[in-house]
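Engineer: One-letter residues, chain by chain:
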Amino acid sequence: MSPCRSITDHDYATVGLRAAAQLATVSALSNTTEPAMRKRNPAPHETDLVERLKAGDELALEAIFHLYSKRLYSVAHRILGTVADSEEVIQDVFWTAFRKAKSFQGNAQLSTWLYRLTVNAALGKLRRSKKDKEVDYEEYLPKFQEDGHHLVRPVVDWSDTLDEKYATREVQQLLAEALNQLKPVDKSIVVLSDLEGMSDKEIAVTLGLTVSAVKTRLHRARLFLRGKLAAQLGYSAT
Amino acid sequence: MAARRRTQLLTNKTCKQMTDLVLDYLNDKLAPTTKRDFQRHLRICPDCVNFLNTYKKTVAVTGSVAIDEIPQTVRNNILTFLRKRIHRLGTYPLIVITHFISPSGILDTFLTRCIDFIHPHV
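From first to last, the protein sequence lines are chains A and W. To convert a position in the first sequence, counted from 1, into this note's numbering, add 80. To convert a position in the second sequence, counted from 1, into this note's numbering, add 100.
Where hints are given, some of them may not hold.
[What the hints assert, rightly or not] No farther apart than 27 Å at their CA atoms in a straight line, the calculated lysine-lysine pairs in the DSS-like style are these:
1) W/K184 <-> A/K281
2) A/K150 <-> A/K205
3) W/K116 <-> A/K295
4) W/K116 <-> W/K129
5) W/K157 <-> A/K263
6) W/K113 <-> A/K295
7) A/K281 <-> W/K157
8) A/K180 <-> W/K184
9) W/K184 <-> A/K182
10) A/K223 <-> W/K184
11) A/K134 <-> W/K184
12) W/K129 <-> A/K223
13) W/K135 <-> W/K113
14) W/K157 <-> W/K116
15) A/K150 <-> W/K184
16) A/K295 <-> A/K205
17) A/K245 <-> W/K184
18) A/K150 <-> A/K263
19) W/K116 <-> W/K156
20) A/K223 <-> W/K135
21) W/K156 <-> A/K281
22) W/K156 <-> A/K295
23) A/K281 <-> W/K135
24) A/K223 <-> W/K113
25) A/K263 <-> W/K156
26) W/K129 <-> A/K295
27) W/K156 <-> A/K245
28) W/K157 <-> A/K295
29) W/K184 <-> A/K205
30) A/K245 <-> W/K157
31) A/K182 <-> A/K205
32) W/K135 <-> W/K156
33) W/K116 <-> A/K263
34) A/K281 <-> W/K129
35) W/K184 <-> A/K295
36) A/K263 <-> A/K295
37) W/K157 <-> A/K223
Since the hints were derived computationally from the structure, they do not count as laboratory data. Here the structure is a predicted model, which means the values were calculated and not measured.
So that you can see chain A by itself, here it is in the shape it has in the complex (with noise of 0.2 Å):
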């Protein structure tokens, strides 16, 4: 059995759990390199999972744990910061994809209930642990005249200073600490839209929002982030 081709139903149903599982990382692994949920049509094997899941089959939830935790974990590590936490929240969306399986709507994609519970419950726990963290957004938001031209000009382009003046973990670094203080559904939207790849209209399904309240939240929260980066390079935020 080559590790190489795709797995299916048919892989679960008479290979050992353990070598499955194996594969399904295999076939996980090498999907990494594509931005999320850019399937548009369920494969036929993650149709078969999902009814075996509804039947209670263990081994389907075993499976989709392999095809999913990995992406799932990035989202809930990236929005909440620490790996206790991400288990946390890892451990209850594929218990509640067990426990709820029924209530899954074959006409949605697996991965997009995935990515929904995913969030919601890594929302929520944000919800509880920062409530006074978060800045007020205006102080870094581009200002204009009456006129609608720039206030403070010129406006510097500071991109390449950024690389020349930080190391790339540096960067990473202050990025990091400027999304910690976006709004919990602002920093969801920019994890989905700029590190997941996600486009407005599936973040929009994902956190159950119109695309227009993700177009202008995900277009805030990057002006609040560009305004961090400009202030700490020592340019006008605005």
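Place chain W on chain A using the hints.
Structural biologist: This is chain W only, laid out in the frame that chain A set:
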């Protein structure tokens, strides 16, 4: 001042309007006429060019944040947790009942913790 007047004459978009359009411009979602106005403004407004470059840089830097790999211990912990709970669904009929009557899962979580306390190794 003269340069600013010239800018106003050559473009029907202000810098503020440009900022509001950046997201759709980068996603190539602007209507053709709006996109043309946007690009016309960029040709004569270095401030907006610089703003656009720094906005793009911010998005690029955000996207380059390293992927957080799931540690093997975390993966194993979660699988152990799931197997244990599923096993209990079959072993303790009361959990099965609460599993169906408690939509939020609070009851079966409570019962599971009680069983954990009584039989920590099951």
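Engineer: Check whether the Cα positions of W/K184 and A/K182 lie no farther apart than 27 Å.
Structural biologist: Distance of about 21 Å is within 27 Å: holds.
Engineer: Taking only the CA atoms, is the gap from W/K184 to A/K295 under or equal to 27 Å?
Structural biologist: Violated: W/K184 and A/K295 sit about 42 Å apart, past 27 Å.
Engineer: For A/K281 and W/K135, compute the direct alpha-carbon distance and say whether it is at most 27 Å.
Structural biologist: 21 Å, holds
Engineer: Within 27 Å, alpha carbon to alpha carbon, are A/K134 and W/K184?
Structural biologist: 19 Å, holds
Engineer: Measure nothing beyond the straight line between the CA atoms of A/K150 and W/K184; if it is 27 Å or shorter, mark the hint as holding.
Structural biologist: Between A/K150 and W/K184 the Cα gap is close to 21 Å, so the pair holds against 27 Å.
Engineer: Decide if the proposed pair is consistent with the structure: W/K157 and A/K263, CA atoms, cutoff 27 Å inclusive.
Structural biologist: Given that 27 Å is the threshold and the Cα spacing comes to 21 Å, the pair holds.
Engineer: Within a Cα-Cα threshold of 27 Å, do W/K157 and A/K295 meet the stated pairing?
Structural biologist: 18 Å, holds
Engineer: For the pair supplied as a hint, A/K223 and W/K184, confirm whether the alpha-carbon distance does not exceed 27 Å.
Structural biologist: Distance ~56 Å between A/K223 and W/K184 Cα, so the pair is violated.
Engineer: Tell me if the straight-line CA distance from A/K281 to W/K129 falls inside 27 Å.
Structural biologist: 13 Å, holds
Engineer: With a cut-off of 27 Å on the C-alpha distance, tell me whether W/K116 and A/K263 pass.
Structural biologist: With a Cα-Cα distance of about 24 Å, the restraint between W/K116 and A/K263 holds, given a limit of 27 Å.
Engineer: What's the verdict on W/K113 and A/K295, does the C-alpha distance respect the 27 Å limit or exceed it?
Structural biologist: 20 Å, holds
Engineer: W/K156 and A/K245: Cα distance at most 27 Å?
Structural biologist: Status holds; Cα separation ~18 Å.
Comparing the model with each earlier hint shows violations of hints 1, 10, 17 and 35; every other hint is respected.
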